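There are 2 protein chains.
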Amino acid sequence: MKQSKLFIPTLRDVPAEAEVKSHQLLLRAGYIRQIASGVYTYLPLAKKVLHKIEAIIREELEAIGSMELLMPSLQPAELWQESGRWYSYGPDLMRLKDRHERDFALGPTHEEVITSLIRNEVKSYKRLPLSLYQIQTKFRDEKRPRFGLLRGREFIMKDAYSFHANKESLDETYKDMYRAYTNIFSRCKLDFRAVLADSGAIGGKDTQEFMVLSEIGEDTIAYSDSSDYAANIEMAEVKTVYTKPDEAEKPLEKIPTPGQRTIAQIADFLKADPEKCLKTLVLKADDEYVIVLVRGDHDVNEVKVKHLLGSETIEMADPEAIKSIMGADPGSLGPVGAPEQIRILADHAVRYVVNGICGANENDFHYVNANPERDYRVDLYGDLRNIQEGDPSPDGKGTIRFARGIEVGHIFKLGTKYSEAMHAAFLDENGREQVMLMGCYGIGVSRTLTAVCEQHNDDKGLVWPVNLAPFDVHLVPVNMKDAQQSALAESLHAELEKQFTVLMDDRNERPGVKFADSDLIGLPVRVTVGKKAAEGIVEVKIRKTGEVLEVKKEDLAETISNILAQLAS
Amino acid sequence: MKQSKLFIPTLRDVPAEAEVKSHQLLLRAGYIRQIASGVYTYLPLAKKVLHKIEAIIREELEAIGSMELLMPSLQPAELWQESGRWYSYGPDLMRLKDRHERDFALGPTHEEVITSLIRNEVKSYKRLPLSLYQIQTKFRDEKRPRFGLLRGREFIMKDAYSFHANKESLDETYKDMYRAYTNIFSRCKLDFRAVLADSGAIGGKDTQEFMVLSEIGEDTIAYSDSSDYAANIEMAEVKTVYTKPDEAEKPLEKIPTPGQRTIAQIADFLKADPEKCLKTLVLKADDEYVIVLVRGDHDVNEVKVKHLLGSETIEMADPEAIKSIMGADPGSLGPVGAPEQIRILADHAVRYVVNGICGANENDFHYVNANPERDYRVDLYGDLRNIQEGDPSPDGKGTIRFARGIEVGHIFKLGTKYSEAMHAAFLDENGREQVMLMGCYGIGVSRTLTAVCEQHNDDKGLVWPVNLAPFDVHLVPVNMKDAQQSALAESLHAELEKQFTVLMDDRNERPGVKFADSDLIGLPVRVTVGKKAAEGIVEVKIRKTGEVLEVKKEDLAETISNILAQLAS
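Listed in order, the protein sequences are those of chains A and B. Residues in the first sequence are numbered from 1 upward in steps of one, following the working numbering. Residues in the second sequence are numbered from 570 upward in steps of one, following the working numbering.
One should not assume that every hint holds.
Here are the in silico distance ranges between beta carbons for each label pair [what the hints assert, rightly or not]:
no.: 1; chain 1: A; residue 1: Glu-59; chain 2: B; residue 2: Gly-879; range: 55 to 63 Å
no.: 2; chain 1: A; residue 1: Glu-218; chain 2: B; residue 2: Arg-973; range: 49 to 57 Å
no.: 3; chain 1: B; residue 1: Glu-623; chain 2: A; residue 2: Thr-416; range: 33 to 41 Å
no.: 4; chain 1: B; residue 1: Tyr-921; chain 2: A; residue 2: Ser-4; range: 56 to 64 Å
no.: 5; chain 1: B; residue 1: Pro-660; chain 2: A; residue 2: Gly-382; range: 53 to 61 Å
no.: 6; chain 1: A; residue 1: Glu-121; chain 2: B; residue 2: Arg-973; range: 28 to 36 Å
These are computed hints drawn from the structure, not numbers from a lab. Quick caveat, the model's predicted, so the values are computed rather than measured. The C-beta atom is built at its ideal place from N, Cα and C for all residues, glycine as well.
If we strip away everything but chain A, and leave its shape as in the complex, we get (with noise of 0.2 Å):
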């Protein structure tokens, strides 16, 4: 393919949008452009990615027995209604009407449009399991779209669905899913984790989140340092053991504490470690306000209260209903002298704060010497914290440590979800009907070619893998008008075509701007065809590793399928 007929528009300085790497790259090496916030046009070097990304979905999703189908991006109302998420999907959802005055849903995901068509079409249970995907355009109206193609508003998932006659049949798709993510994503050369992640209101561990390890990622990712436990710090649970601290209980004071209102101006103004604290904060779970204790240096985490709770829904209680619970304002709360109806839970490290420090649930006055039992009750303990690095790993190897990652996959146990909500049923081998379980698992196409831009790139451009580079090959002469060099690559171009694809750079401009686009551009081999020409010798420049090598044009196809197998493997 000549490089003049192609599309690529390169770009000299960084835009001034793009915040991280992945995103001036894609934009400066003419990958992509933006056409409104959050929503892209792939140019078509991206496109040539999307089309290898997609390839490799698709093989690995079929040797698991998944068929692909297209469903439509315009959903009916009246299917998010039965489901109910047409009222609590909020503004992410983009909404329109027909002609005729009819709501639709621009699909985000599509567990309605999935499980009405199974329930009209599957009766028995001898047509399931059925494994289903799709590669699609999704609307999500993100509030802050970012990061180029990491957080759009319109972007590419495949999304797949599952229904199951049993449990151990959705087991074992569920098992499935995690190996092809696994392939896929390997090919894709992403250094990621399988994190075990919250399954929101469901209930049940069995969801994980594929994440690739990056600054840039949006969620916090726990793993041990000598183990492959990796998990949502959300999901993490603490296994920390605490010992009381060997100290004699002191009498409980009530004192003065003007404007002190965080944890570390109290642990400044008292001079005491931020670990003799207790951090006091009202929740509402569903309909009922709890107060939830854990320590000065410790995060709460609302989704192991909700567990605890059993809710279906946790927030931090609004400050009027805490003034008027409490009789007074966050920052000078504590459990000591708490109202009786309201029920306290605490994380296990509080029981082992001996002499602690807390707010007297009045403005500017702090209780010090607080002890639980003698000084205030909790209804519940539990485990209710962020894990923290250094934490022992919860399963018994290693230490705790964090870091981020870009979530490009998610593999779910849905259960009966929909299935109840949209009564798809079948009968069993007895007649009796049942509710089918279902399983989804999505991979973001767009954002998992982020990510791999993200892991491999460097100060001079775009590192592609061989497995998804736009081309194989980057044939550059240097100078077009040069005949000797011009009937050379154009000799080699057609011959190297037949073995690989090549991108030809055949426009007339300096060198110096040919290989700066060059290395933009990140195609894994570049051949330089230069003053050596007439000696039939080219030069053969090995993107990653930036080594170089001369080469006799009869050894060239040899030496870069060599190069190329070294690269994939």
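Fit chain B to the supplied structure of chain A, relying on the hints for placement.
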């Protein structure tokens, strides 16, 4: 691929909502399902056919140097306001607001987005020409979605756009596209014609529609019985040579014609030939009302009237306006004594009507023996009627016949319509700013699938051309519980899959059900493994011809190879 794992929900009965063959069969054979009016899910078999059509399109477009990209469906209203289409497109354009109340269109086509992209990136003649295409889901809120995928509200299109520095370059790409389209539809085994079409408001004749001949087509094509001339009837020039009948002019006479309004009624009432009657219409061209006369047996062609007048718009005058201008209602109108300030246009044929019959501009009265010049004025003669079967072909070769056609493709020289409105300009060789010339080129991908089904079926089901079939071979063991049959089928499945794509019906269904489903699904070759399995003999049935052969298992692969090659030729 085992059929038990594939989702192919076949139906015994013809669904009530499906009027046409392709729609019925795509539903019955388990290829598609409707989600909302004009909105469909493509089930796995259809998705496989789409992949094949798309691959053919990609191959042919890449061969002429067009490059694939992918633009967003969400299009900011600002771009559509720049082109003016935000206001002119009407309710077919699906519109929505994002969470910040900004207006967006859901792309039915992408002229605005691509013009905006190119104007920002291309500033010099050196970067032109450019040809870019995408294959994408489009949205158009059709008033009356119908015929399944044929006229849907969400559908798959290939749309291409080209940008040029001069007319010659646009002409060349237009011709390349014509050739590519001809190859694409030929490879899809469609019986089609490229017809001249109206280019709408832009003028000029450089637009052609690719029409698949079919009774269910929504367009009428006029074609020559002795040449390759074909045109949309709106476009076909009438070159009929008229002669005056050998008849003396008689005196004009006004006669009562109570209740007689249509040409048929008048001709019958007066025992006259419809050719003697004048059809008189009042049209509104931009802001001017005009009278248009055609012969009673002819139909007025509004596009031709518009072109003759050089107006932007044309429409029938409303009844109130007619009454107030002419003093009578439609059915009693005529040129004799028409108001002087209104121009009278007439089709050439009118000049040759001697002693004609026309309305008297007084309800329930007509004139007989009306003659042009003597009794009424004509300000402008022209070709103002639709061509009819039996007229001479405009290319001078043969006679015109009519056929119905499904529009599957459209190539179009846009000229500067969008580049001017949106300021897509470049500097030419002399450093002068010029506006780019553009072309656009569409293919209805999902519509092509339907058109293929419409042309390739029989009373038992679909009959896929080899190029597009979801699988090459349908392997059908008659009885899966028969150990010899299932063993032979399994081994043939493994062997044939090395060379062909194979669907194996491993279901425990009755033979009648399996054969009926197989015919419905319509794969080119069926291999039946039945009673002679023990002898290593199977039956090969060619779906298209119904021909049946007994084949030894050793010869099976070669036999299938030969059949497929023959069918594909």
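Going through the hints against the structure:
1. Glu-59(A) x Gly-879(B): 55 to 63 Å: Between Glu-59(A) and Gly-879(B), where Cβ atoms are some 58 Å apart, the hint holds.
2. Glu-218(A) x Arg-973(B): 49 to 57 Å: Distance hint for Glu-218(A), Arg-973(B) holds at roughly 56 Å.
3. Glu-623(B) x Thr-416(A): 33 to 41 Å: Given range 33 to 41 Å: holds, Cβ gap about 37 Å.
4. Tyr-921(B) x Ser-4(A): 56 to 64 Å: Because 59 Å falls inside the window, the suggested range holds.
5. Pro-660(B) x Gly-382(A): 53 to 61 Å: Between Pro-660(B) and Gly-382(A), where Cβ atoms are some 57 Å apart, the hint holds.
6. Glu-121(A) x Arg-973(B): 28 to 36 Å: 34 Å, holds
Of the hints listed earlier, there is not a single one the structure fails to meet.
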